[in-house]
Each structure stands twice: as C-alpha cells, then as structure tokens.
Amino acid sequence: AQKVTQAQTEISVVEKEDVTLDCVYETRDTTYYLFWYKQPPSGELVFLIRRNSFDEQNEISGRYSWNFQKSTSSFNFTITASQVVDSAVYFCALSEALGNTPLVFGKGTRLSVIA
Amino acid sequence: DTGVSQDPRHKITKRGQNVTFRCDPISEHNRLYWYRQTLGQGPEFLTYFQNEAQLEKSRLLSDRFSAERPKGSFSTLEIQRTEQGDSAMYLCASSSKPIGTSGHNEQFFGPGTRLTVL
Chain H
1 AQKVTQAQTE ISVVEKEDVT LDCVYETRDT TYYLFWYKQP PSGELVFLIR
51 RNSFDEQNEI SGRYSWNFQK STSSFNFTIT ASQVVDSAVY FCALSEALGN
101 TPLVFGKGTR LSVIA
Chain X
116 DTGVSQDPRH KITKRGQNVT FRCDPISEHN RLYWYRQTLG QGPEFLTYFQ
166 NEAQLEKSRL LSDRFSAERP KGSFSTLEIQ RTEQGDSAMY LCASSSKPIG
216 TSGHNEQFFG PGTRLTVL
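From first to last, the protein sequence lines are chains H and X. Under the working numbering, read the first sequence as residues 1 to 115, first letter to last. Under the working numbering, read the second sequence as residues 116 to 233, first letter to last.
Just so you know, not all the hints are guaranteed correct.
As the list claims (entries may be wrong) - Here are the computed lysine-lysine pairs in the BS3-like style, where the Cα-Cα straight-line distance is at most 27 Å:
1. H:K107 with H:K3
2. H:K3 with X:K212
3. X:K212 with X:K186
4. X:K212 with H:K38
5. H:K38 with H:K3
6. H:K107 with X:K172
7. X:K186 with X:K129
8. X:K126 with H:K107
9. X:K172 with H:K3
10. X:K172 with H:K38
11. H:K38 with X:K186
The hints are simulated quantities; they were obtained by calculation from the structure and are not laboratory data. This one's a predicted model, so the numbers in the text were calculated from it and none came from an experiment.
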C-alpha cells in the first residue's frame with residue numbers, strides 16, 4: 001500500500017529564514033510520481049512540482065527547491081528566504097505511474113511565516 | 116482560461132437530507148477526481164472518471180455516495196441521508212490525458228465545497 005508521512009505538523013519561522021518540509025513515502029511500485037501542493041488560507045490546492053521516480057535530480061525554482069532521495073524514500077521541500085506569503089499548508093503526495101491515477105496525500109505541514 | 120469550478124462553495128444541511136455537488140473541470144481534461152478533506156488532514160481519494168467512465172471507487176465511498184459524469188464533462192457527487200460524519204471539504208480535480216502509458220500529469224484542483232451536516 002502507498003503511504004505518505006509528513007512528520008512535521010506545524011512549523012513556525014521568522015521571515016527570511018530558510019525552512020525545510022519533510023516528506024517520507026512508502027510504495028511497492030518501482031515507478032511512481034511524487035508531488036507537492038500548497039494550500040493557502042483560501043483553501044484551493046495549488047500544484048508546485050511533480051517528480052518521477054527515475055529522476056533523482058534536485059530541482060530549484062526561484063526560492064523553492066526539492067531534494068529527492070530514493071535511498072531514504074524522501075522528497076523534501078526547502079523554501080529559502082521565506083516570506084509571509086509562503087504561509088500555508090503544504091502537502092506531499094504520491095501516485096502510481098500508470099496514467100494519472102489518484103493521489104495519496106500526506107497529512108500536511110502547516111507553515112507560518114512571521115514578519 | 117478558467118480553472119476547475121465547484122458549486123456550491125458552502126452547503127449546510129440537516130442530518131438525513133440529500134445533497135448534490137457539481138464540478139466543472141478544465142475543458143480539455145478527460146480525467147476528473149473527487150477527494151474529501153477533513154480538518155487537519157490531507158485530501159482522501161473518493162472516486163475518479165476518465166471521460167464518462169467511473170474507473171475506481173475508494174472504500175471511503177459508502178453506498179450513500181454516488182458520482183456521475185454523464186457526458187464526460189461536468190460531474191456530480193450526491194450524498195444521500197447525510198450524517199454528521201460527512202461534514203468535510205469535497206474537492207474536485209481534473210487532469211489532461213498523459214503522453215504514453217506511463218506519463219502522469221498534475222491534477223488541478225477546484226476551490227472545494229464545504230459541507231456542514233447539523
């Protein structure tokens with residue numbers, strides 16, 4: 001069975017600090033996809049990144065970066081120089097590779113960035 | 116360009132009543148998903164469609180729940196004889212057809228319908 005664990009329930013940082021959100025996953029599939037979504041106070045889930053299991057390269061997009069390590073089944077998300085607008089709940093999710101199957105989400109990490 | 120829309124945004128009902136929610140996906144997307152999210156939890160999969168065909172239903176989807184996508188465009192989710200435990204945010208998402216058999220495109224989510232059962 002697939003499972004996603006986000007051990008950090010809530011994190012609070014001061015603006016401009018860096019913060020890393022942890023994600024550990026379990027799957028028996030050899031091919032799978034990992035995702036991060038942001039859910040701001042408005043409630044709508046916003047897609048951030050998709051990564052397939054064959055691509056272990058780290059990715060950077062502006063202040064966001066992602067570290068995928070198959071050896072530890074982790075897909076961590078780092079925000080550099082955090083801003084108040086980054087305050088949200090962040091979800092890590094997993095799915096099988098075969099054509100857009102449903103996502104299995106973690107419980108989310110609530111990030112509060114204080115000015 | 117419009118995203119995924121859901122109607123209504125909020126629904127308050129009394130226990131035992133039936134409710135129906137609607138989801139309009141992004142127009143060219145052939146996959147449509149329903150998830151449920153309770154307070155402090157991540158979204159949990161309920162069911163999904165490819166065009167008008169319902170491909171999978173979660174064990175969470177009791178026989179009081181039914182979903183349809185009659186013309187492969189919008190979808191409805193009906194809950195019969197609502198219970199207080201049905202109170203949650205009901206999220207709809209859609210995705211486009213992947214390239215090849217192993218592709219996986221991101222799902223775009225709507226704003227959700229928040230259901231409160233009194």
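Do the hints match the structure? See the list:
| no. | hint | result |
| --- | --- | --- |
| 1 | H:K107 with H:K3 | holds, 10 Å |
| 2 | H:K3 with X:K212 | holds, 25 Å |
| 3 | X:K212 with X:K186 | holds, 17 Å |
| 4 | X:K212 with H:K38 | holds, 23 Å |
| 5 | H:K38 with H:K3 | holds, 19 Å |
| 6 | H:K107 with X:K172 | holds, 21 Å |
| 7 | X:K186 with X:K129 | violated, 31 Å |
| 8 | X:K126 with H:K107 | holds, 24 Å |
| 9 | X:K172 with H:K3 | holds, 18 Å |
| 10 | X:K172 with H:K38 | holds, 25 Å |
| 11 | H:K38 with X:K186 | violated, 31 Å |
Violated hints, in rising order: 7, 11; the structure is consistent with all others.
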